[in-house]
Amino acid sequence: MATTSNKNATNAQPAAPAAKSSTSNVSSSSPAIRKEIRKMTKAEQERFCAAVTTMMQNKGGKAKTSEFFRLAGYHGWPSRYCAHGVEIFPAWHRAYLSEFEAALQAADVANGHDGRLGLPYWDWLDTSVAEYFPAIIREKFGTLNPDLFPDSNELKRSGYQIRSDSYIRDRVLRNGLQQEVWDSISQAQHYHAASTENTVSSSVEDPHNSVHVYCGYPMANVDYAAFHPIFFLHHCNIDRIYQAHLKNNAGAQKEMESHQWQLLVAR
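Residue 61 in the working numbering sits at position 61 of the sequence shown, and the numbers go up by one each step.
Label-pair ranges, simulated between beta-carbon atoms:
| id | residue 1 | residue 2 | range |
| --- | --- | --- | --- |
| 1 | ARG47 | GLY85 | 34 to 40 Å |
| 2 | SER158 | SER30 | 39 to 45 Å |
| 3 | GLU154 | GLY251 | 42 to 48 Å |
| 4 | GLN179 | ARG157 | 35 to 41 Å |
| 5 | ALA266 | ARG169 | 39 to 45 Å |
| 6 | GLN253 | HIS84 | 18 to 24 Å |
| 7 | SER79 | GLN260 | 20 to 26 Å |
| 8 | ALA91 | ARG163 | 26 to 32 Å |
| 9 | ALA250 | ILE33 | 24 to 30 Å |
| 10 | SER79 | LEU264 | 21 to 27 Å |
| 11 | GLN179 | HIS84 | 20 to 26 Å |
It is worth saying that the hints were derived from the structure and are not from the lab.
Bear in mind that the values here come from a model prediction, so they are computed numbers and not experimental data.
Every residue, glycine too, gets a C-beta built ideally from N, C-alpha and C.
Please take these sequences and the hints and turn them into a complete structure.
Take a look at the structure:
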C-alpha cells in the first residue's frame, strides 16, 4: 500500500483488491482507493455509508448474523481477539481492516455497485477541512443500530456518545499528536514504532490510544469500540501512519522477525 512520508500523510491510499463476487466484474489488478472520508464527494460518502448499513443487516432476520456484528465482535465483545500493547498491534489490525474492507466491497456489490470501494480513513491531524469529525458519520450513524444484537449489555444501554468536534480537535492539537505521529514514523527499530510495549518515545499505538479516548463512547471502550463505524476509519488512518514507518525503515520486516524470535526463545 502506497503512503506518504510527510507529517500529515493526507494522500489517498490504495485499498485491498475488491472482494470477489459472482456478481462483480472487478479485477484484482484494479484496486479500490482509500480516500480521506471528509474529502470524498457526497455521492462517495453516501455509497460508503450505504455499504456499511447493508453490512449491518441480519441474515434471514436472525440476530447477530450481520457481517458488521461478526467483524466488530472479533475486536472486543464477544470474541476479544484484538492485539494491543504488543509488537503485532499494527499487523493484527491491518489484517482486520482487510477483512472489513472485503466485506464492505461485497456489500457494495449487493447494493448494485461494482465493489471497487476502498475503506476511507479519517486523518484527524488534518484540520484544513471545515468539519473535524466526519459529518456524514454523525448523520448516518448517530445512534446504535438496535438490530445489531439483542443483548442488554453496556453498549446497548449507553448507545453512541461521540464527543463534539471541538472537544476532539482541541485535544488532538493540545496534546502533541502531530509530534507523536512523526516520532513513530521516524523510529529506527520496528518494535519501538509498532506499539507501546517497547517504545522509547512514541509508537503508532500512542496517538491511536489518545484518539480512541478523545472520541468518547464506545471508542474509549476496547470491548465495544469496533461497534461504531468511526473505529474502522480511525484504524485505516493508523495503518497509513504505520505504512509510512515501513516505507522509511527498509529493515522493518527483518527487525520484527528477529525480535519476535528472541521473545519466543526467551519463553
